[in-house]
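Protein chains in written order, with the numbering used here: chain A, 1 to 277; chain B, 1 to 277.
Note that these hints are calculated values from the structure, not bench results.
Check before you lean on any hint, since a few could be wrong.
To be verified - Stretch by stretch, here's where chain A covers chain B in the computed footprint (C-beta under 8 angstroms, at least three residues):
no.	region
1	5-17
2	57-63
3	105-113
4	155-169
Unchecked claim - Straight-line distance between alpha carbons at most 25 angstroms, and here's what the computed DSS-like set of lysine-lysine pairs gives:
no.	chain 1	residue 1	chain 2	residue 2
5	B	3	A	183
6	A	79	B	165
7	B	3	A	49
The C-beta atom is built at its ideal place from N, Cα and C for all residues, glycine as well.
Number of protein chains: 2
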Amino acid sequence: MKKYRRNQRVGALMKIFTDRPNHIFSYNYFSELFNAAKSTISEDIVIVKGLVNDLEFGKIETISGASGGVIYIPSMNRKEQESLLNDLCQTFSDPFRIIPGGYIYMSDIFNSPYYSHSISKIIASQYSKQSIDYVVTVETKGIPVALMTAKELDVPLAIIRRNSKVTEGSTLSINYVSGSTKKIESMTLSRRAIKEGSRVLIVDDFMKGGGTAKGMKDLMLEFNVEVIGVYVVISTKEPFNKLVKEYNSLLVLDDVDEESRRIIIKPNDDNKIRINN
Amino acid sequence: MKKYRRNQRVGALMKIFTDRPNHIFSYNYFSELFNAAKSTISEDIVIVKGLVNDLEFGKIETISGASGGVIYIPSMNRKEQESLLNDLCQTFSDPFRIIPGGYIYMSDIFNSPYYSHSISKIIASQYSKQSIDYVVTVETKGIPVALMTAKELDVPLAIIRRNSKVTEGSTLSINYVSGSTKKIESMTLSRRAIKEGSRVLIVDDFMKGGGTAKGMKDLMLEFNVEVIGVYVVISTKEPFNKLVKEYNSLLVLDDVDEESRRIIIKPNDDNKIRINN
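This is chain A alone, in the form it adopts within the complex (with noise of 0.2 angstroms):
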């Protein structure tokens, strides 16, 4: 059987954790995959926790016990969390976005691997301590980042439909009044989807009135799960009472003005933990 040179060990362990973060690998899983003893690993786990530190990528922990071993939580520095947030806010404010009756076009954004990725590290690094056992959004728009956030958390994702499907089997289903339109809706999610007595986080992309955001944690309800947070990525200013009163946006459009062409969106300065219970 092969082995590996340290830096082959350091290299490979950081790719194996980057594919993986939040999930637990046992010493035995790395210790058989190099041909190493557990003390060579725990000797590469050293040296990886350091790096992970020094470059700021997050931290590694170790976890004792039958269950245990080593977990990489990821966090984005401070530095790189401007840079991402300035980006973003420039990117949507791009005047060409703008569509008639003072939408913006934003799927570009929400559906790219690169950006969906990046805030989905910004909000799975505010929840990694939170237990959270899965992502709640609904379709379509929010599906990219809140997929990208389970991944991050390496807990399942459930996508919630708007209308019923065969293929999703039993269902329970809510009746919900938009937040901005008024017209009623209706949110629909296969009861195989998510166990009771879970703990999950809603992502979405998007909170006007709110209503949407209602519904889903009225829908969670039916599933007797707790919401740990509800998480947005665009709130909207106006109107500042939403339907959903704990809720943590990443940035927030403070005006969309179709004559001048100007979109405001800025980052979220409240943007902090909310814990609803």
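Chain B: place on chain A using the hints.
Frame of chain A; chain B shown alone:
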């Protein structure tokens, strides 16, 4: 400014490459990040090349010239691929998944960050040399695998909608006939989503009659783009003649027997690159 040791730089390089496969990073970028001479970085890259090769993580390529740099092209070794396919077949064929009417509940698998990411690695490795500009899918169940494939290939994702949305701006729509139900359906994509003359890879979760895939191909014609491939995670054995002639599928669904509660699903032995041009 901080200086880093070689094994720290090697670990950091693997982290950065894994975070963004198929992306060209310049030597300058690493040189500044690590506060190290380009010659030092070159030596680091040689080590990373070796470890990626020795551990069968894919390969590292150096591109010379003004827009040159270093790129990590991941691949999954045969053993890992076989073990993933076996795991998928076993998971998909759990009798618990049978839904009245002979359908199979699959959403949890398609939405799983772990499975969608793993599947995307196989898909992407087959197209990493094809200069794909976009991955295209249709909402909803194919989105996670399509997004992960786009991430692996470092290209944008375009999501075709079932209905026109005001937030998509001007759109192109087509009507098409579902291959299995013969119903007329429509699909819509924002004109801003894809640039003319691009090369696209279509990715979806499931193909029975092939009507949806054909619809997507027809819609791509309207965008004047070239469809380089159609890849579905699961295709059904019957009907043998599908509305799309050239496609690739990871798994083949052979039979669902509601009475005996048996699902037969197998790796697609023909799994190989098919190029329709």
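Straight-line alpha-carbon gap residue 3 of chain B to residue 183 of chain A, limit 25 angstroms: Not satisfied, since the Cα-Cα distance of roughly 59 angstroms exceeds 25 angstroms.
Coverage of the region 105-113 of chain B by chain A, judged on three or more residues with CB within 8 angstroms: Satisfied; 7 residues make the cut.
Coverage assertion for the region 5-17 of chain B with respect to chain A, Cβ distance below 8 angstroms, three residues required: With 10 residues close enough to chain A, the hint holds.
Given coverage of the region 57-63 of chain B by chain A, checked by CB-CB distance under 8 angstroms (3 or more): violated (count 1)
Within 8 angstroms of chain A's CB atoms, at least three CB atoms from the region 155-169 of chain B: coverage verdict: Holds: 10 residues of the region 155-169 of chain B have a Cβ under 8 angstroms from chain A.
Pair hint residue 3 of chain B and residue 49 of chain A, alpha-carbon separation not exceeding 25 angstroms: Holds, at about 16 angstroms.
Satisfaction of hint between residue 165 of chain B and residue 79 of chain A, Cα-Cα up to 25 angstroms: violated, 36 angstroms
Of the numbered hints stated above, those contradicted by the structure are hints 2, 5, 6, listed in ascending order.
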